[in-house]
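Protein sequence lines, in the order shown, are assigned to chains A and B.
Residue numbering for the first sequence follows numbering that gives the first Met the number 0, beginning at 0 and increasing consecutively.
Residue numbering for the second sequence follows numbering that gives the first Met the number 0, beginning at 0 and increasing consecutively.
Quick caveat, the hints were computed from the structure, so don't treat them as lab data.
Where a beta carbon is used, it is the ideal one built from N, C-alpha and C, also for glycine.
Among the hints, erroneous ones may be present.
Partial chain A-side listing against chain B, Cβ under 8 Å, derived [stated by the list, open to error]: (1) Asp33; (2) Ala50; (3) Arg66; (4) Tyr69.
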Amino acid sequence: MDHFARLGLPAALDLEPASLDRAYFALQRQWHPDRFVAKPAAERARASAEAAALNDAYRTLKDPLSRAFYLAELKGVELPGDGKTIDDPELLMEAMEAREELHDAGSTQAVDALAAKVRDDMKASLNGLGSLFLAGDKPAIRTALLRLRYLDKFAEEARARRMNLERSSA
Amino acid sequence: MTLLEIHEPGETPLPHAGEGSLAVGIDLGTTNSVVAIAREGKPAALHDETGKAMVPSVVAYPSSGGVLVGDEARLLMPQEPRNVVASVKRLMGRGAADLHTVAGVLPYEIEPGTGETDMVKLRIAGKARSPVEISAEILKALRKRAEAALDKPVERAVITVPAYFDDAARTATRDAARVAGLEVLRLVNEPTAAALAYGLDKGSEGLYAVYDLGGGTFDFSLLRLEKGVFQVLATGGDTALGGDDFDRAIAERMLAERKRDGLDDKVDEAAVKNALALARHMKEQLSDRDQTSGRLELSGLPSFHALTRTEFEAMIEGYMKRTLDIARNVLADADMGVAEVQGVVLVGGSTRVPLVRTEVARMIGKPPLTDIDPDEVVALGAALQAEALTGGGDTLLLDVAPLSLGLETMGGIVEKVVPRNTPIPVQLAQDFTTYQDGQTAMAIHVVQGEREMVADCRSLARFELLGIPPMTAGAARIRVSFAVDADGLLMVSAEERTTGVQQRIEVKPSYGLSHEDMADMLYDSLENAEADMTARLLTEARVEARRNLLALDAALAKDGTLLDAAERAELDQGRARLESAIAGDDRDEINAAAEALETLSKPFAERRMDRGIREALSGKSMNELESRVGE
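Could you put together the complete structure from these sequences and hints?
Quick look at the structure:
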């Protein structure tokens, strides 16, 4: 059973956080091991497995980015493994330039500005992705996801960079 | 996912166990412990004859025999310091390397462990005792108190642990309960229990933070409360940071003052215990006044020490800053800003320190909630959960794994399988493969922590998956599954997917191995994120390059005859360059050398492919068969 089906949700990128929570809470009420404390071992084991699967589904679908990757996998979009080299020369160029900018950012404000830009960029990309999924345009989905993966990594690097700047100024 | 290994918690409730007996909630604290019971959603702490709910977490083995717990044990401290143990919770699941000293002396006499997986033991009244059995004495006393107050047998309990307790400490706590004759219904995280007490009491909804500074541990958790659901979004902490550290700072200062004044103390375990007891008293006084003083007598020589609140606050500022840093990181983990926090709950006796209150209020921008006694709130929450688990109830606690769990991969890199703040219970699996041709065994090393390199994380367990059928490197599919149950306890299993060779272990933590404690690890990971990433990239480049060298060597051994001497020499030269690059620390040089070698070996690879095709075709026609025979 895929994660969407497990939570009784349509397999789409667009997902209201509130409806995901509602579905997840309702099912956890039914399956959480706390509800099975006094039950026989076999029932407890079943509940534990169900609750674990629900948690896996929830955490995968909760974050829009991981939801997008998961949906792509379901739709049969082939993506290179995480950490592999970027095979899109345009993206490679963009990534190198951005990294340089981050490296040169000497203040937390400068890093924040870069991070904000990336956040907006990610939001826009994710918004555009919904229609690509609807159209079933696999090559375009692939390109967009690879770019999103890079942006996400960049945001993480920006966070680390900011922390270091804060620490050295403190 | 089909590969689910369900870990049965050790305390399988027997069909009839506990019928007619009551389930209580226990806060087993570093400094004080409390037992409480809930009836129809109304929790109450259980008091002794004098009306006190708190039992000091102090155990004494008096020279006259027997065991004392609580106030009676504490009273024995001045006369028989060697027979009295306090703050034993700090030792749960710990090795000797995790302990703190005062003036280089521990307030305990340590029994050397017998192996690397040994938890530290204490020598008290001439006998080695483990923290588990000492904690069990406290639990027994609480159980007795509950049975006296309720006039019924008490056999089941929800026991709270710091959210940031690791697998070793959780297991030790569960074991202590077993020794005390209590079935653990659930280990509940302290901040979660506190939130439960507040949430049910106030009917609150929204995002709440719990700042829990106890005697020996610090936790900060962020929870969402919604219609009876308590969902932990993120948690963080330090299992070796608390009010005890404030006491130690004051004690160190007094001992230094004595030295300055020419008192030549022999600082031993007893001296440290007495100095700590006085320090604690002075700290408590400074919660209500601006200055205090105390008289310390060691080896018959008295000294007087004055301390102002301002001085004290300067002494603990570093600890305060650390708690606030952790709190900020938890907020960042949950992707939330302080503005979204509706309230912050203060838990733990150390939140009575005025500086703690003002600093937390300043950070969150709201006055903290303190209307439930911070010493009792955790036990009250545990009691509510005990009732919910035994009698049913509509609340639902959704907690998370506090620390990332992962495996060591090539080059000492940690591959995280369960990231921190993953909701539990959970079962997650990851596939790994073999590194060398014909590899038949794989060492599995389970670690807990946030850093990128294994050496910086806490080692939990090692085992070996044997009997992998020999295949070419990268062909085997080894799936390693991590299962974390609702108590936060881990079980790991490994399986070779093509043959079904399987192995499963319950993680038995290596208590004594870590030289840093976990909290330091998380803290370090944030500080070292950049350096870690560089180290990881370098290691990855090395691993990849070595893999290429192995493949090339295998090819040369098989088809080396396809090359003439000059070509071979060129290839060997490229190979040597890569070898020396691997030995160095320059990632760019490794990648450049690897690329150069790949270019050099391209003609060789093409010839091998041609030969491969020819061989595949051979046998298909008489002609080729003849030419082969003629070779």
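Comparing the hints with the structure gives:
{"no.": "1", "hint": "Asp33", "verdict": "holds, 6 Å"}
{"no.": "2", "hint": "Ala50", "verdict": "holds, 5 Å"}
{"no.": "3", "hint": "Arg66", "verdict": "violated, 15 Å"}
{"no.": "4", "hint": "Tyr69", "verdict": "violated, 13 Å"}
The structure is inconsistent with the numbered hints 3, 4, although it conforms to all the rest.
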